[in-house]
Amino acid sequence: MKVLQSLSAIAGKYFAVWVILAALLAFFLPEAFVGFGAYITILLGVVMFGMGLTLKPVDFKIIAKSPLPVFVGVAAQFLVMPLAAFAIAYVLNLPPELAAGLVLLGCVPGGTASNVMVYLAKGNLALSVAMTSLSTLMAPIMTPLLLLLLAGQWLPVDPMSMFMSIIQVIILPIALGILVQRLFPAAVAKSISVVPLISVAAILIIVSAVTAANAQNVISSGFIVFLAVFLHNGFGLMLGYVIAMLMGLSETDRRAISLEVGMQNSGLGVALATAHFSPLAALPSVWGAIWHNISGPILATIWSKKPAAAPNKENPELASRVKPAVDSGSK
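For reference, each letter of the sequence shown is one residue, going 2 to 332 in the working numbering.
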């Protein structure tokens, strides 16, 4: 178990490096990884099961205690990112599949890596976890609806089919993880430190599979897609902070909302694009998996050097759960 814990620490700490290496390896040796494409949905379910193992009722306490920051953050998540993706796709005149893929990346909920980034940035950790959890639970409705409204002009969207996909790969694995946590708390507590290793491995396989399927597309469209993802992420981080500031929220809330809005669940974007559109449409989410885990730590490091009022003191239990992930660099 100690060996697995050590591997989990290394895997999580250098996650962005591993993602880049996996993408490069799959690009140069696509035939070795293209077969993994059939398992993308299962792999994402494994990642979401890990989220369910760590999710607790206390994560939603802030919604009742201080609902305004949560609702502002989630509203920004499902307004800023979809609309920014739509605008960028138009301005850059992206091909239909790439345009739909970028909008899809904008319509998925926040990623779990943002929780660790908010902790490092001395932001409101309870708000971050609540936003991730609530936006994830809202995804079966919001993601297909927004995608239908914004991306239907580029590719046909079947909202009911996408709804069922999100239920299968997000909601059911999370529910199963919560159930296992309740039934076997001691076993989960002993093995939870290994979860980052499993999650990182699953994401790496997903990234390599989609990169392998898009080896030729990366050559022809790689730069324009990266530019789109770079701009999309930048707008999310900036506008998330500005909206929170305009609403009169505290500095710790602003940092949490900024990172939550800017960092998307790119794994879900990859799975949905592959299942409902095409491998090419998954390319923006692949770049998102890489870039979000570079820009997030950079911003968190900058903010960590600037004091913020009472960071992470609203819920010591949450901080104690996230700190091991920080120590191991967990995604």
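No lab work stands behind these hints: they were computed from the structure. What you are looking at is a predicted structure, and each value in this text was computed from that prediction instead of being measured. Glycine residues also receive a C-beta, built at the ideal position from the N, C-alpha and C atoms. Be careful, since some hints might not be right.
[What the hints assert, rightly or not] Below, a list of computed lysine to aspartate or glutamate pairs in the EDC-like style, where the Cα atoms sit at most 20 Å apart:
1) 306 - 32
2) 306 - 252
3) 191 - 252
[As the list claims (entries may be wrong)] Computed spacing ranges between beta-carbons, pair by pair:
4) 68 - 307: 21 to 31 Å
5) 65 - 91: 34 to 44 Å
6) 91 - 187: 47 to 57 Å
7) 247 - 30: 27 to 37 Å
8) 187 - 94: 55 to 65 Å
9) 84 - 176: 29 to 39 Å
10) 91 - 32: 30 to 40 Å
11) 306 - 176: 31 to 41 Å
12) 93 - 32: 46 to 56 Å
13) 187 - 231: 39 to 49 Å
message: Please list, smallest to largest, the hint numbers that this structure does not respect.
response: The structure conflicts with hints 1, 3, 7, 12, although it agrees with all the remaining ones.
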